[in-house]
Amino acid sequence: MKSSLTDQELQLKAVALRRAMLRLIVNAGAGHTGGGLSCLDILNVLYNRVLNVSPQTFTSPTRDRYVQSKGHCVEALYAVLADCGFFPAADLDTVCHYQSHYVGHPTRHIPGIEMNTGALGHGLPICIGMALAGKMDSANYRVFTLLGDGELAEGSNWEAGLAAAHYKLDNLTAIIDHNTLQISGHTRDVMSNDPLDEKWRAFGWAVKVVSGHDYAALTEALSQPAEIGKPTCIIANTTKGKGVSFMENVAKWHHGVPSEAELKQALAELDAAEAKLKTSEK
Amino acid sequence: MSAPATSMFTPAAKAMAEKLDLKMGRANLEEFASTLEELAKANPNIIAVTSDSRGSGKLAPFGKALPKQIVEVGIAEQNLVGITAGLAACGKKSFGVSPGCFLTARSLEQIKNDICYSDVPAVLVGISSGVSYGALGTTHHSLHDLAVLRAINNLTILVPADNFESHQAILFAAKATKPAFVRFGKAAMFNLHKPETKFEAGTAITLRAGNDVAFIATGETVVHALLAAGQLAERGLNCRVISMHTIKPLDTEAILKAGRECRAVITVEEHLVHGGLGEAVASTLLQGGVGKPFRIVGIPDEETVPGAQADIFRHYGISMEGLCETAAKLLK
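Residue numbers (numbering that gives the first Met the number 0), protein chains in the order written: chain A, 0 to 281; chain B, 0 to 331.
Any given hint might turn out to be false.
Stated by the list, open to error - The following residues of chain A were derived to be distant from chain B, with all beta-carbon distances above 10 Å: (1) T5; (2) Q10; (3) R18; (4) G28; (5) R64; (6) F86; (7) D92; (8) G103; (9) D169; (10) I227; (11) H254; (12) E259; (13) A267; (14) A274.
To be verified - List of simulated lysine-lysine pairs, BS3-like, C-alpha gap at most 27 Å: (15) B:K67 with B:K40; (16) B:K67 with A:K134; (17) B:K40 with A:K134; (18) B:K40 with B:K63; (19) B:K92 with A:K167.
To be verified - According to the in silico footprint, chain B covers these stretches of chain A (three or more CB under 8 Å from chain B): (20) 113–124; (21) 132–138.
Keep in mind the hints are simulated off the structure, nothing from the lab. Where a beta carbon is used, it is the ideal one built from N, C-alpha and C, also for glycine.
All chains, please: the whole structure from these sequences, using the hints.
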């Protein structure tokens, strides 16, 4: 869904999306707050500038595909999909509620969601199948997946890393939300995966390293495949808990749910960020 | 210790097969491969996905004839299932083909989530299943597959007994709009059905009528039940033989009918006695209020005896002689 929003307008939208995400997590009583905030700018750019998909074209065989491999951050995706009109924003009030299909990980019951994910290490193999199908049909759609950096400890990612390069899937882009934290602490302490860029290059991928909160850089990196004949890996350096000072780079916010007081504080910070953005707009 | 069995069938069993006019066919796996190739030639959306298994899956001719319709993923079963799911989600009729032992253990989570939970119309084909790999040992046996797959929602599970059922199972799977799993062994099989037999997934086929013992068998064990019924007829016992080619959804009607009408029920499967056909039948009978003498013949919960498939079958009584003995004991 490609909009004509400027970087600044998208940043303002990001504030609203963070607000919606935090509110829905509090209402749900569950959610992956830190990782949702770290990947939200990536999703904002994907859905508003890159992906050739909309509520109207979601069943089109030639649409771009997005599979959220780090499915636990579904709350950010729900906020973005609602904003894009895939379903009414009021549906977000039902997340994790009894008999609501808006469960804590993506499912195809929800308009806009391609595959059921949540167990880690599944998105990339699925996307290879989707990208291969596109090549077989000479269709020009692109396939995107979002991986967590902690998720990369799952061996299936590396099986898929080999296959994507073997089949020269330049219609496939894997984005790594490189926030360097996972549930138990720093990824470098849990299971180090540095140097990430060299690993993916060694597997035969074209690699770009960008700031995952820089709208111009994300747009440039995501807008086209990095290299003909190679899958693209975008290592997006992000801040876990981005946008809320007391959540930033704090592992406990991996799946922490804000109290009412914490929500109030977080929303106040987002209001201030919004005001600042609006001031700089003038 | 003795040398590997040269044949699955004793001379007496071979004589009974001849008496019952059973003709030897080819391996179900070969029937699968040629059926799939035939279908794929007519439908370019049919894609085979293999994990360095095109030789084991008898798909080398398919690969040569239709190189654009086969995807090789290397020895990577998790990737195989994920890719099979992704292809299916984009309009392909994908068949993920890999040895049953690896496919249903190493990539079980992918089967559960990518195929069944995501509800894509993919087909998974477990090749050389059960103890087909015989003396290669437990690493290569799949005696758990029916148990684990039965416990996953949204999967049709087919276990064909002969070439006819194999052909029909693939025709069904190719048309299915829901996930399916088909289990094959690699031994040549006797043809058990007449070509005009009606095949419907979820509906068992009664191969022989009778009300003394009901043999409810699946896959490569069905022929042994049929031979045993022939042998028991010579002792004056009329036995029913049911080929339960679909493990899920289970034909509970045929099971309850057999339980009500027969004096005893024996299930036969190339699977651990836990969680497979036998326990599914037991559950059906008990919940249906049918209490009859009952035995599950399969592989017991122990380290499987070393040997070829024929050795293992004979060791655990999956043979004409073994099943006759079980029936006699049960009717005492």
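Far enough from chain B: is every CB of that chain over 10 Å from the CB of A:D169? holds, 16 Å
Separation of A:A274 from chain B, once the least beta-carbon distance is taken, above 10 Å: holds, 43 Å
Would the pair B:K67 and A:K134 pass a check requiring their Cα atoms to be no farther apart than 27 Å? holds, 11 Å
Just to be careful, I want the Cα atoms of B:K92 and A:K167 compared with a cutoff of 27 Å; is the pair within it? Holds, at roughly 22 Å.
With the threshold set at 27 Å, check whether the alpha-carbon distance from B:K67 to B:K40 stays at or below it. holds, 11 Å
Is B:K40 within 27 Å of A:K134, Cα to Cα? holds, 19 Å
May I ask you to check that A:R64 keeps its beta-carbon over 10 Å from the closest beta-carbon of chain B? At roughly 8 Å from the nearest Cβ of chain B, A:R64 sits no farther out than 10 Å, so the non-interface label is violated.
Least C-beta distance between A:D92 and chain B, which was stated to exceed 10 Å: Holds: least Cβ distance 25 Å, greater than 10 Å.
Can we trust that A:I227 is non-interface, i.e. its beta-carbon lies farther than 10 Å from all of chain B? holds, 21 Å
Chain B versus A:H254 - minimum CB to CB distance exceeding 10 Å, so not interface: A:H254 is indeed farther than 10 Å from all Cβ atoms of chain B, at 20 Å.
Counting residues of the stretch 113–124 of chain A whose CB is closer than 8 Å to a CB in chain B, do you get three or more? With 10 residues in contact (Cβ-Cβ under 8 Å with chain B), the coverage given for the stretch 113–124 of chain A holds.
For the stretch 132–138 of chain A, does the count of residues with a C-beta closer than 8 Å to a C-beta of chain B reach 3? With 4 residues close enough to chain B, the hint holds.
Taken one by one, the earlier hints fail for this structure only at number 5.
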